[in-house]
Amino acid sequence: MLQFIYKIVTNFKRLKYMKTLYTVFAFLFLSNIIFAQNVEFDKDNFSSDKEGFKEAYKNLKEGDKQYAYGASGTYVLALEYFLLAQKFNPNNADLNYKIGSCYLYSNMETRKCLQYFKKALELKNTVAPDIFYMLGRGYHLNYEFDEAIKYYEKHRNMLSPKDLELERKNITKKIEECNVGKQLVKEPVRVFIDNVGEEINSRYPEYSPLISADESMMIFTSRRENTTGGSRDLGDQQFYEDIYVSYQSENGKWSPAVNMGKPLNSDKNDATVGLAPDGQQLFIFMEGDIYKCELKGAEWSSPKSLPNSINTEEREGDASFSYNGKTMYIASERTDKTFGGFDIYTSTQSEKGKWQDAENMGSVINTEYDDRSVFMHPDGRTLYFSSRGHNTMGGFDIFYTTKDDDGFWTKPINLGYPINTPDDDLFFVLSASGKHGYYASAKEGGVGTYDIYMITFRGPEKPIVQNNEDNLIASIANPISEVIIEESVEIKTMRLTILKGTVKDAISLNPVEASIEIVDNEKNEIISTFMSNSATGKYLVSLPSGKNYGIAVKADGYLFHSENFDIPEATNYQEITKDILLNKMAVGSKIVLKNIFFDYAKATLRAESNAELDRLIAVLTEYPNIKIEISGHTDNLGTLQLNTKLSESRAKAVVDYLIMKGVSTSRLQYKGYAYLEPIATNETEEGRQENRRVEFKVLSN
Amino acid sequence: MKQFILFSIAMVFSLGAFSQDNPTAIQNPDTTLVVAENQEAELAYNNGIASFKNKDYKSAVDFFNQAIGFRPEFSQAYFNRGSVKMELKEFEAAILDFNMAIQYADSVPNPYFARAQANYALNKFDEAFDDYTLAIDKGFKDVKAYYYRGVINFQRNKYEEAIADFSQAISIDPTFAYAYNDRGSAKRKNNDIDGAIEDYEKAVKVDSKFALAYNNLGTAKRKKGDFDGAIIDYGMAIKHKPDYHIAYNNRGSAKYDKKDYDGALKDFSEALKLKNDYVYAINNIGTVKIKQKEYEAAKTEFSKAIDIDGNYGDAYLNRGVAKEELRDLEGACRDWKKADELGVKNASIYLQDCNEF
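Protein chains in written order, with the working numbering: chain R, 1 to 701; chain F, 1 to 357.
In short, the hints are calculated from the structure, not lab data.
The beta carbon of each residue, even a glycine, is placed where N, CA and C say it ideally should be.
It is possible that part of the hints are untrue.
[To be verified] For the chain F half of the interface with chain R, some residues (derived, Cβ under 8 Å), not all of them:
| no. | residue |
| --- | --- |
| 1 | S59 |
| 2 | V61 |
| 3 | Q76 |
| 4 | S83 |
| 5 | N110 |
| 6 | A114 |
| 7 | Y178 |
| 8 | N181 |
| 9 | F227 |
| 10 | I246 |
| 11 | Y256 |
| 12 | Y280 |
| 13 | N283 |
| 14 | I290 |
| 15 | D314 |
Okay, chain R solo, but in the shape it has when bound (with noise of 0.2 Å):
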């Protein structure tokens, strides 16, 4: 069992071609510049530290020793001598590439090789013949993929013919891992890879673990210093392999291994394959072949050999059951129908119980180079198991295949960084919920080489959400300012007219300070009342044109005067130009009552001769002594014995609302006229209009 993982040790730290490629190395570097001093461990370098010297020196012929043996063990050990050495003298090429290739095949903390191998040629261009290739595999197990295919095209370049022959496929290989590498650590899978820890790891490898369905319990095999017997396997000087059990409680957490002792573990290797489906049957590697031990109540069995039809002259390892136990998967290194190195093979059991010959499950799953530690997924058509070959990206990887409906093999599947490192990674197995896998890594971060590892599967990405937001309509964004009015309606207008003119006495013509009443004769209202000014007896309104209009003037002293006046409609602008001469109260002044209105040819006084009216009233209280005499006039048409009747009912109708108001009627005198006083000529209607009114005249005072 132990061989299978140790044979990556190379060979090329053998190669016979070194010297030739010495004097080759020694010309092409010699005008290189050397950055730091090579320091030889001669005991004249050191002649201030004889004792650190001698002590050092002793370590570095001891490790010289473990080293030159050349098996991993032995590896391990001489690194322990070669860094006491180091820490005496760091400057030293050949140690610092020794120091890199215990790292290299110890499987113990790989990368660091690539530090000792960079100051190996830092110090000595021609430390070693390979170090160009020691550097590329440094690169490669460190990930820096560009920089390895560097180093090994670096190395393939250096090589003669005929060395060339013998390397191209290894180093072609490995610079295909390397492109293979950079495609998965762009790619990685979803998973999360836990060490189970230090109850399980050990500062050895640990490998191969077994679960049972519920994960409750693990079965792995480890060669840590306790194993039975406690001595060292031959080959490559490590302790033996022992099975060793622990279990997984509640919390996750696992139990201190247990040894699981006799009959599983003897004094020499004994190494998990496989465990039944149902837990019950363990099978384990011994001597190179497969046994069978039964669970018989809390006690094993002593181990079987599993038939010849599984076992050969050759190495078996690895076994793995279809769910139902009768088909059965194994790895073994039989020469006949092999395609190289490890292959895969399986056998049925037949009905009697009997496993037939073990088979070849042929070149879609096995390569020339070792195909090895099959698991066969509860499913019963998901294959796993690693491979040197196919698109390993270094070492051991990983992969599963998939039997197809027709029940082929499809071309095996690496399952990924960073499951699959550019070290080696193997002995998978699943947990029967699928959720975790469980395999043996010499990743970095382990506490020792191999340790065992629980990859949780992640299942598909789940993706994150960005929050975007668009404002899709713009007037939800920016809503259109709207004001919707209706208009203003057209509001009819009239033209004012301006009235203006003095007021002045009519003897004198001096300007008189008189009171202004505007009325609006239809409406019998009052527009206005204003005063002309007392220096100037000028006044002036504005009137709305169109209108007839009666106008008062009063002022102390005087008679009142009225007019009646229409203001014609106009579109523009006019004026009227109204003087007035007031008289003065005296005995046979008279007025004309120009807005007192009669209905036509009749005696009946109309409303809108109310205003006028009644300021002849208050004329007559304002001076209680006077008596008037009212007269009527007329046009000359008509007979004067119509006229006069009509001139006299007309002053008497006046005379009556007057005595009607409350005037004495011993004040109040009454005569027709008729058209025998005209104040205008009769040949005109304005003329006649002139004539036909009511007067006012004072008798006494």
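Chain F: place on chain R using the hints.
Just chain F, lined up with the frame of chain R:
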């Protein structure tokens, strides 16, 4: 009537006082114009409009009230009073006034349009839709009846009808940028991204400073995978509207799409500066942090967003992802459960990993 008299007297006095000593001083014949009789309603109405234009809405309402008092069938006065109420956001009252305006003048289109606006403001989309249609039928001249009806169609997910209305609006007024933009959005909703791009481009051609349309153009291009084009368009949106946090957020996402995470972070942060409670930007910063594998920082961002909006489902979903990365599956499952409760798509799928919790 009294109004008229007072008004007339005021005229008379003012003129008299002005020029009594010097009657010839009257130069402006217009000052001699006076209101004819029986126009109290009209006068009040016009005063109402004047007040309205001065934004003195209270006086405007008073005047329109007077106008209606004088003339209860005064349709325009109802209409205008309704318009004042629209300005005052008293939409229900406005609708009552528009109803009256329609009652007294049912062939006039404006009140239908205005009532549509009021109904729309009250989210009464069916009524608004019918009113816009009536306004159109009654001969409403403005493109906006078509436009707004298109908007309602859009909001009702009737994109074909919306496109037809926006097209009508465009045929009436080919310079109406909003209609191009919105038609583009309707096409986008109809998965016609090319058509959308075409319309958004027309919108910005008609109005070269139309930030919103640039933003939409960017998003349409982003949907087509044209991230560089999108980034340019978002940039234009930002240029013409420097406080456009939405465009910053979107440009950030376009950069995120391009895996320019630093650039994305810058834009999201800018959006956040402009609107400090902009949870989308906070969430998106979190998504960048996830891409940069800074899961703790991502979790912090999502938590910030959740603190602002406790019902922000996507942020829960995302925080769950961050927690899962941080190996806190229990916490992740709690978040996914919450996201699922909040109706986030995919949350239930994520929860399939959560059997034990």
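> Against chain R, is Y178 of chain F within 8 Å by beta-carbon distance?
Replying inline: 4 Å, holds
> Hint check: is the beta carbon of D314 of chain F less than 8 Å from a beta carbon of chain R?
Replying inline: 4 Å, holds
> When the nearest CB of chain R is found for Y256 of chain F, is that gap smaller than 8 Å?
Replying inline: Result: holds, 7 Å to nearest chain R Cβ.
>> A closest beta-carbon separation below 8 Å is what the hint needs, so does Y280 of chain F meet it against chain R?
In response: 4 Å, holds
> Quick one, is the Q76 of chain F hint okay against chain R at 8 Å, beta carbons?
Replying inline: Check passed: Cβ of Q76 of chain F comes within 4 Å of chain R, closer than 8 Å.
> Was the hint right that I290 of chain F lines chain R, CB cutoff 8 Å?
Replying inline: Interface hint status for I290 of chain F: holds (5 Å vs cutoff 8 Å).
>> The hint names N181 of chain F as touching chain R; please verify it with the least Cβ-Cβ distance against 8 Å.
In response: 5 Å, holds
> Holds or violated: N283 of chain F as interface residue toward chain R, Cβ cutoff 8 Å?
Replying inline: 5 Å, holds
> For the hint on A114 of chain F, does the least C-beta distance to chain R fall short of 8 Å?
Replying inline: 5 Å, holds
>> Please check whether S83 of chain F passes as an interface residue: C-beta within 8 Å of a C-beta belonging to chain R.
In response: 5 Å, holds
> Given N110 of chain F as an interface hint, is the shortest Cβ-Cβ distance to chain R below 8 Å?
Replying inline: 6 Å, holds
> Against chain R, is F227 of chain F within 8 Å by beta-carbon distance?
Replying inline: Hint violated; F227 of chain F Cβ to chain R Cβ min 13 Å, cut 8 Å.
The structure is inconsistent with the numbered hints 1, 2, 9, although it conforms to all the rest.
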